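Residue numbers (my numbering), protein chains in the order written: chain F, 55 to 363; chain Y, 63 to 397.
It is worth saying that the hints were derived from the structure and are not from the lab.
Incorrect hints may appear among the rest.
With a cut-off of at most 25 Å between alpha-carbon atoms, the simulated SDA-like pairs for lysine to any residue come out as follows [to be verified]: (1) F/210 / Y/117; (2) Y/246 / F/194; (3) F/174 / F/272; (4) Y/333 / F/174; (5) F/121 / Y/333; (6) F/265 / F/115.
It should be emphasised that the depicted structure is a prediction, and the values quoted were computed from it without experimental measurement.
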Amino acid sequence: MVTLDTSAIIDKTPPPAATGIRTSRGYRVFQVVNTVILLGVVVVTLYPIVNIVARSFSGDGYIRSGKVNLWPRGFNLTTYKAVMTNAMFWTDYRNTVVYTVVATVVAMVLTTCYAYVLSKKDLRGRGVLVGVAVFTMFFSGGLIPNYVLVTTLGLKNSVWAIALPNAISVFNLLVMKAFFEGLPQELEEAAAIDGLSTYGTLWRVVLPLSKAVLATMVLFYAVSFWNSWFTAFLYMDHSDLMPVTVYLRNLIAGATNATSVGFSEADATAVGANIQAVTIVLTTLPILVVYPFVQRYFVSGVTLGAVKG
Amino acid sequence: MSTIRTVDPPPGASGAGGRKSARTRPRKPRGATGTKRTWRQALRRDWQLYSLAVLPLVFFAVFRYLPMIGNIIAFRRYHPGGSMFGDEWVGWRYFKLFWHDPSFWHVFTNTLVMGVLTLIVCFPMPIVLALLLNEVRSRKFKRLVQSVSYLPHFLSTVIVAGVVMQFLAADGPVNQALHHLGHKDILFIQQPGWFRSIYVSSELWQTVGWGTILYLAALTTIDDNLYEAARIDGANRWRQTWHVTLPGIRPTMVTLLILNIGTFMAVGFEKILLLYNPLTYPTADVVSTYLYRMGVVSNNFSYAAAIGLFESLIGLVLIVSANRISRRTVGTSLW
Chain F
55 MVTLDTSAII DKTPPPAATG IRTSRGYRVF QVVNTVILLG VVVVTLYPIV NIVARSFSGD
115 GYIRSGKVNL WPRGFNLTTY KAVMTNAMFW TDYRNTVVYT VVATVVAMVL TTCYAYVLSK
175 KDLRGRGVLV GVAVFTMFFS GGLIPNYVLV TTLGLKNSVW AIALPNAISV FNLLVMKAFF
235 EGLPQELEEA AAIDGLSTYG TLWRVVLPLS KAVLATMVLF YAVSFWNSWF TAFLYMDHSD
295 LMPVTVYLRN LIAGATNATS VGFSEADATA VGANIQAVTI VLTTLPILVV YPFVQRYFVS
355 GVTLGAVKG
Chain Y
63 MSTIRTVDPP PGASGAGGRK SARTRPRKPR GATGTKRTWR QALRRDWQLY SLAVLPLVFF
123 AVFRYLPMIG NIIAFRRYHP GGSMFGDEWV GWRYFKLFWH DPSFWHVFTN TLVMGVLTLI
183 VCFPMPIVLA LLLNEVRSRK FKRLVQSVSY LPHFLSTVIV AGVVMQFLAA DGPVNQALHH
243 LGHKDILFIQ QPGWFRSIYV SSELWQTVGW GTILYLAALT TIDDNLYEAA RIDGANRWRQ
303 TWHVTLPGIR PTMVTLLILN IGTFMAVGFE KILLLYNPLT YPTADVVSTY LYRMGVVSNN
363 FSYAAAIGLF ESLIGLVLIV SANRISRRTV GTSLW
């Protein structure tokens with residue numbers, strides 16, 4: 055039985071020889087060094103992010119003269135106001151939300167259906183159905199044929215160009231399959247005896263029991279769609295169809311030229327040197343807010359996938 | 063259909079058994095002959111289950127296998143707006159073109175260098191970090207380090223590129239530190255000499271924490287009795303790590319190594335696309351970015367498809383041989 059047991063990774067890792075039969079002096083030195091190294095990892099990971107946040111609240115003069123490090127200097131919200139009153143920023147932000155929701159719904163429906171089918175071990179042709187999916191992990195058509203295909207199908211400039219080509223992640227599929235395989239068969243057999251169809255069993259018995267894995271999968275998909283930029287960059291021709299990640303990309307590529315993302319010439323000179331920093335903060339904020347609450351779901355999903363993957 | 067057949071065999075034929083059926087099946091699900099009765103029974107009993115597989119199979123057929131067939135434009139001239147399978151046969155023309163193109167070999171070398179560097183740095187570090195985390199006694203501290211180090215994994219590549227650029231900007235923290243040391247500004251992002259270091263360190267920053275998860279999970283499965291036995295045999299901490307811990311996580315290491323080798327050719331396409339610029343092309347341009355510019359930007363689709371097919375085949379050969387070597391030598395394999 056496979057369960058979503060995150061605590062196994064986060065809490066229960068027993069340090070080898072925790073009983074401490076011999077805590078030699080060398081080992082104590084190692085513990086101190088180890089703590090210092092790991093603190094170093096924490097600092098190095100957070101430093102660039104904290105710097106961006108500090109920059110986003112700082113005054114132009116301090117930024118340009120390279121005086122902003124870990125704390126805002128010349129605190130002001132001018133750039134935040136400028137970005138948040140920029141119409142294109144909100145258009146693109148709304149696009150990100152729409153694309154993420156649509157693509158996640160499509161992905162969840164297809165992935166759940168297929169994972170459920172693959173989890174039936176006695177199903178005729180199951181090996182082939184698994185093979186169809188797994189082979190695509192190791193060989194793909196490549197960028198150009200995909201681009202030609204999406205163009206030929208006329209999906210360009212629509213949400214389907216983002217949702218359809220990425221509808222099933224094989225990794226997520228295998229995670230769900232592993233979870234379904236771990237569910238007790240007796241429940242489904244009982245449901246069948248009670249006269250439920252396969253669809254009914256899936257909808258009323260299996261899915262309610264799978265809330266944990268469903269939540270994990272929704273998070274996996276939602277985060278990857280929220281973060282994606284290249285698909286939209288490739289298939290969308292107009293800036294008002296772009297997700298906010300592409301908005302940010304144009305800002306980075308255009309250096310400090312804010313006219314590239316819908317600021318008028320007059321406004322562009324008014325926005326501060328920290329427009330990139332502000333946009334980075336505003337784009338990442340939703341992820342940073344939910345991150346502490348959903349982190350353990352991700353960890354459990356990855357380890358569950360590894361069991362079979 | 064005959065045109066489709068001709069391009070079909072290479073990818074399937076080079077793989078292990080079972081591949082071939084996997085590739086032909088979606089188009090004729092009832093094709094298995096000789097076992098008709100059982101198939102009929104299976105369909106009668108499980109038709110509802112099979113019906114659930116229809117849409118996903120359409121997805122795989124259209125968006126995964128059709129593009130594989132679409133690679134035929136590497137052998138046929140393709141005009142934007144024309145048939146997605148090209149208009150006329152040109153044979154190996156596009157392959158010869160890139161084979162004799164010095165810029166291709168330049169980006170090919172760059173890809174190898176970048177791939178090797180990424181592998182050398184980004185594969186072992188999560189193992190080291192996992193081993194260090196495993197020695198931490200305080201749960202709270204361990205959890206803090208884990209939560210923080212996982213964070214960059216959740217950031218969009220665009221955000222990561224933005225953070226890198228701000229961090230290395232003329233007014234960013236790195237140049238501030240150089241100033242304090244009495245050094246002049248370095249415009250990191252514009253210098254080819256810095257690109258590889260920047261790319262690999264940002265990759266490490268983004269992946270090292272997340273990469274520990276599978277190792278930490280594997281570490282929990284090691285039997286405590288093994289450590290007990292090792293201690294009784296007089297093994298110190300270091301020897302316990304060497305003789306018990308590392309062998310315990312070896313299957314995980316090998317599996318991840320094989321997967322890393324399989325994605326070797328595709329090195330960080332999106333991030334390089336965001337971080338590079340014409341000034342850094344000499345070191346930064348790799349096969350995937352080159353074919354993107356050739357194909358999508360300059361509309362040489364067939365030429366780019368030929369390069370892409372070459373790249374995918376190398377990837378497939380790499381993962382198949384890595385898997386085979388690993389199965390023969392250490393007994394761990396993906397399939």
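Quick rundown of the hints versus the structure:
For the hint pairing residue 210 of chain F with residue 117 of chain Y, the CA-to-CA distance comes to about 21 Å; that is within 25 Å, so the pair holds. About 46 Å separates the Cα atoms of residue 246 of chain Y and residue 194 of chain F, which puts this hinted pair outside 25 Å; it is violated. Taking the CA atoms of residue 174 of chain F and residue 272 of chain F, the gap is about 22 Å. The hint holds against a cut of 25 Å. Distance hint between residue 333 of chain Y and residue 174 of chain F is unfulfilled; the C-alpha atoms sit about 39 Å from each other, more than 25 Å.
Note on residue 121 of chain F and residue 333 of chain Y: the hinted pairing is violated, with a Cα-Cα distance of about 28 Å set against a maximum of 25 Å. With a C-alpha separation of about 51 Å, the suggested pairing of residue 265 of chain F with residue 115 of chain F is violated against the 25 Å cut-off.
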